[in-house]
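K.L.:
Given next are the chains, with one letter for each unit.
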Amino acid sequence: MSLNQSMNFDRSSSRGKTENRAQNLGNSADIQWKSEGQQQIYSSELVHALQKLRLGEEMATNRVRDAANRVLAATAKGGSRWSRAILINRLKLKKFMKKRNELKRRRTGVTVITTGNSRLKKKSKFIVCRLKSKELPAFQRKARLLGRLIPGCQKQPVQVVLEEAIDYIPALEMQVGAMSTLVARLTTNGSPVVPSDGHVQPSSTGAYPN
Amino acid sequence: MSSRRSRQSTSNGTSRITDQQIIDLVSKLDQLLPEMRSNRRSNKVPANKVLQETCNYIRDLHKEVEDLSERLSQLLSTVDAESPEAAIIRSLI
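Those protein sequence lines, which keep their order, are chains A and B.
When you line the first sequence up against the working numbering, it's residues 1 to 210, in that order.
When you line the second sequence up against the working numbering, it's residues 1 to 93, in that order.
Chain A extracted, bound-state conformation (with noise of 0.2 Å):
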């Protein structure tokens, strides 16, 4: 009798713990993502981290976002598993890439082959996920796509899914509010508009002599 009450007790504490932990999650989500200090610390480092990119080679869409990408994951500081897997992601492909332009440059036939039998295997890895998601209720389903959406959760449980959604949402909504004030400013402080006949001209007025 003890014993069960025992397990009783240690059951409801931890679905208390486990409310606790779903609320607390929310809370210090909104908390950390949406206070104005964040934002200011992330516009700083990602200006930073643009002002590095810009001294080397020219400025590409993709590697804009991945410094945008970057550096809202170094913000999170490690505590969510999307973070992680955006940092972590970066040092393999970085790697990846390296091995695969050294095998493009030596033999271009092997890459071929490879690439074809991945395809292969991803075919048919669909296809058995195919087969089984017609047993899986429509929930798993959604909660699956969800997980290919955020970095890292590819095939993590529903449960782990659904709070790295929890706290990637605010992230991402802080990193176009940021990006969008960024983007306002430069066009408002006399970003060059370039006319026809290609001279540079400032749009502001009187900041500097044209």
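Simulated from the structure, these hints should not be mistaken for laboratory data.
On a predicted model such as this, the values are computed, not experimentally measured, just so you know.
Using N, Cα and C, we set each Cβ at its ideal position, and we do this for glycine too.
It is possible that part of the hints are untrue.
Claimed, not checked - One-sided excerpt, in silico: chain B residues whose CB lies under 8 Å from chain A:
(1) ILE17
(2) ALA47
(3) LEU51
(4) GLU66
(5) LEU68
As the list claims (entries may be wrong) - Straight-line alpha carbon distances no greater than 30 Å define the calculated DSSO-like cross-link-like pairs of lysine-lysine that follow:
(6) LYS52(A) / LYS63(B)
(7) LYS92(A) / LYS49(B)
(8) LYS94(A) / LYS155(A)
(9) LYS95(A) / LYS52(A)
(10) LYS98(A) / LYS52(A)
(11) LYS98(A) / LYS77(A)
(12) LYS155(A) / LYS92(A)
(13) LYS99(A) / LYS155(A)
(14) LYS77(A) / LYS155(A)
(15) LYS99(A) / LYS52(A)
(16) LYS95(A) / LYS155(A)
(17) LYS94(A) / LYS63(B)
(18) LYS77(A) / LYS95(A)
(19) LYS77(A) / LYS104(A)
(20) LYS63(B) / LYS155(A)
(21) LYS94(A) / LYS104(A)
(22) LYS92(A) / LYS104(A)
(23) LYS155(A) / LYS98(A)
(24) LYS95(A) / LYS63(B)
(25) LYS98(A) / LYS63(B)
(26) LYS52(A) / LYS94(A)
(27) LYS49(B) / LYS155(A)
(28) LYS77(A) / LYS63(B)
(29) LYS77(A) / LYS94(A)
Said to hold, decoys possible - To be clear about the criterion: a stretch of chain B counts as covered by chain A if any three or more of its residues have a C-beta under 8 Å from a C-beta of chain A, and this derived list gives those stretches:
(30) 21 to 33
(31) 52 to 64
Fit chain B to the given chain A structure using the hints.
P.N.:
For chain B alone, coordinates are given in the frame of chain A:
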């Protein structure tokens, strides 16, 4: 590999994923989503709908980040020629 909604213990074994937890998380998520409708039927929004809205919303946010980064890259590449802009950018911080 738990492909069904797991009523078994998880891999770490400390807590079971109960439906109530999932419902709590889904309601939390629902609060984050932008509500277009005027009246929020907070009790009756099905979980499937919330997940679908979440997927759409995250996709929209990704698209917006993509567009913004494209604009930023264009702005920064055109601005690159002028050095006072760098000072302006720094002063914005």
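K.L.:
Please verify that hint: LEU51(B), Cβ, nearest Cβ of chain A, below 8 Å or not.
P.N.:
holds, 4 Å
K.L.:
Run the distance test for LYS94(A) versus LYS104(A): straight-line Cα separation, threshold 30 Å.
P.N.:
holds, 15 Å
K.L.:
Does the CB of ALA47(B) sit less than 8 Å away from some CB of chain A?
P.N.:
holds, 6 Å
K.L.:
Straight-line Cα separation of LYS95(A) and LYS52(A) no greater than 30 Å?
P.N.:
It holds: about 21 Å lies between the C-alpha atoms, which stays within 30 Å.
K.L.:
Can you confirm whether the C-alpha distance between LYS95(A) and LYS63(B) stays at or below 30 Å?
P.N.:
holds, 27 Å
K.L.:
Taking 30 Å as the top limit, are the C-alpha atoms of LYS95(A) and LYS155(A) close enough?
P.N.:
holds, 23 Å
K.L.:
Does LYS52(A) sit within 30 Å of LYS98(A), going by the straight-line distance between their CA atoms?
P.N.:
holds, 21 Å
K.L.:
So if I understand the rule, the pair passes when the alpha-carbon distance is 30 Å or less; does LYS52(A) with LYS94(A) pass?
P.N.:
holds, 18 Å
K.L.:
Given the hint that LYS49(B) pairs with LYS155(A), test it: the Cα-Cα distance must not exceed 30 Å.
P.N.:
holds, 21 Å
K.L.:
Would you settle whether the hint for ILE17(B) is holds or violated, based on the nearest Cβ-Cβ distance to chain A being less than 8 Å?
P.N.:
holds, 5 Å
K.L.:
Holds or violated: are the alpha carbons of LYS92(A) and LYS49(B) at most 30 Å from each other?
P.N.:
The given pair, whose Cα atoms are some 35 Å apart, is violated under the 30 Å limit.
K.L.:
Compare the distance between the alpha carbons of LYS92(A) and LYS104(A) with 30 Å, and conclude whether the hinted pair is satisfied.
P.N.:
holds, 18 Å
In summary, the numbered hints that this structure violates are 7 and 19.
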